[in-house]
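Q: Starting from the given sequences, assemble the full structure and let the hints guide the process.
Residue 339 in full-length UniProt numbering sits at position 339 of the sequence shown; the count goes up by one each step and never skips.
If a hint is listed, it holds; no wrong ones were tucked in.
Subject to a maximum C-alpha distance of 20 Å in a straight line, what follows is the list of computed EDC-like cross-link-like pairs (lysine to aspartate or glutamate):
| no. | residue 1 | residue 2 |
| --- | --- | --- |
| 1 | Lys463 | Asp22 |
| 2 | Lys35 | Glu457 |
| 3 | Lys35 | Asp441 |
| 4 | Lys35 | Asp453 |
| 5 | Lys463 | Glu15 |
| 6 | Lys35 | Asp22 |
| 7 | Lys463 | Asp453 |
| 8 | Lys35 | Asp451 |
Computed beta-carbon distance windows for the label pairs:
| no. | residue 1 | residue 2 | range |
| --- | --- | --- | --- |
| 9 | Ser19 | Asp451 | 22 to 30 Å |
| 10 | Ala306 | Thr397 | 19 to 27 Å |
| 11 | Ser462 | Thr155 | 49 to 57 Å |
| 12 | Thr90 | Ile134 | 25 to 33 Å |
| 13 | Asn107 | Thr184 | 54 to 62 Å |
| 14 | Glu75 | Glu194 | 41 to 49 Å |
| 15 | Thr297 | Ser82 | 36 to 44 Å |
| 16 | Gly46 | Ser82 | 48 to 56 Å |
Since the hints were made in silico from the structure, they are not lab data.
A virtual CB, placed ideally from N, CA and C, is assigned to each residue, including glycine.
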Amino acid sequence: MLSINSNISSLVAQENLNSSGDALQQAITRLSSGKRINSAADDAAGLAISTTLQTAINGLNQGVSNANDGVSMVETASTGLSQITQSLQTIRSLANEAAGGSLSSTNQAALQQEVAQQVAEVNRLASQTTYNGINLLNGSAGLINVQVGSNVGQTVALDLSQGVSAASLGGGFVQAGNTLGTITGLDLTSTGAENTSGAAGAITQINVVSNGTGGFTFTDQNNQALSSTAVSNLFVTTTSSSGIQSLSLATSAAATNGLSLTGEMTGIQTAAAASSSTTAAGTVFGTISGIDVDPDTGLDAAAGTANAITSVTVEANGNGGIEFVDQNGNQLTTGATAGLFTTSGTGISFATTPTSTFGSTASGTGVGGGQTSGTLLYSVNVNNAPTSVSAINISTTQGANLAMETVDNALATISNIQATLGAAQNRFTGISTSQQDESTDLSSAQSQITDADFAQETANLSKAQVLQQAGISVLAQANSNPQQVLKLLQ
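A: Pasting the structure below:
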């Protein structure tokens with residue numbers, strides 16, 4: 001039908017021209033930006049996925065940077081420790097020279113002056129080895145959590161709580177961070193009280209950890225520090241004149257929580273003391289290993305001592321008492337027993353004036369139907385315990401001999417720290433590599449969603465351009481159709 005008021009052909013041509021114009025604009029936008037998704041209107045779901053992927057990629061890339069920073073931090077600490085090792089080796093060589101027997105007291109005093117300089121250098125390195133303002137070797141850094149992942153909690157812990165000043169090295173303490181014992185099978189609240197709610201207990205395991213200075217710290221099954229309230233409710237610590245702490249179970253904990261330990265820092269509970277029944281002869285309560293004591297006196301064994309005792313097993317004798325057996329199955333002599341233990345009607349305890357804490361543990365099975373069994377912790381009485389590096393004095397032959405033992409302990413501590421740092425460095429390096437790979441994979445996935453396919457988009461551009469040209473031509477013809485009506489009026 002011919003009509004003047006309504007030009008349907010023109011309207012259709014305009015609509016198609018607009019569509020081809022939109023397609024042309026979209027193709028130009030995608031080709032110029034290189035992105036298939038330039039706004040939520042292009043692909044709302046794809047944009048949401050892309051945003052999530054980009055967040056993960058950014059987090060992984062930053063985690064890689066953090067891990068590399070961790071490597072740099074470890075390398076800085078390791079370099080400082082290597083220099084401290086050199087100073088300690090120098091001190092040991094000087095002590096060895098002073099102990100040679102051919103030097104006068106004047107010569108030994110002169111060597112002591114050089115030792116003092118090396119001790120000062122150890123202290124300087126311990127106090128001045130820093131990374132980005134963090135002191136790495138004086139123990140103040142504590143436990144550093146390095147964020148290596150893209151999400152909360154994806155961290156790697158770096159323990160720098162062990163100080164390496166001259167006063168902190170050589171005394172025979174267990175290295176900070178080492179677990180001395182673990183108490184399992186617990187069901188306690190966060191305050192250390194017995195859990196009666198029926199819900200899962202906040203504390204199901206307690207780890208007793210060395211603080212590097214003869215004392216303890218406590219963590220739960222998640223390696224989170226116990227609150228001071230929980231610690232005070234569960235444990236009692238006492239400190240000897242030499243700074244060694246002893247750990248025992250708080251009376252309230254045993255009474256209100258039903259908590260019992262196989263052994264304590266200062267004692268091993270006998271079966272007779274823990275229950276009314278007598279334990280059968282031969283039942284093992286605990287084994288103490290990692291010691292080196294004289295078989296006759298129970299005191300620190302001199303170098304080369306024959307038949308030295310290296311482990312002691314505590315057994316029931318069948319009469320409610322206990323007996324001690326060495327690593328060869330032989331009962332300890334009266335002298336060795338007296339040198340190591342104090343016995344009573346309720347149990348045994350280690351020597352009452354411990355001067356050195358050893359890293360070995362005594363392990364055994366819980367007795368008396370208590371809530372838990374745990375690894376035993378102990379202090380052992382040692383004669384001539386080594387001093388700290390800061391107290392080394394090689395101006396006498398005896399002092400020089402003791403200095404070598406002190407330096408050996410210090411070097412062992414440094415070696416342990418170096419090993420820990422080396423493992424951490426390897427872990428950081430591995431994390432960096434794996435997360436770079438993961439970031440690459442996520443970037444590839446994001447590219448599939450957001451990036452423009454240039455082959456397809458150039459084809460779309462050509463198509464839209466042809467449609468635009470055709471649409472303009474057709475619209476011109478459609479707009480001229482009403483002019484044909486005039487011919488009917490002539």
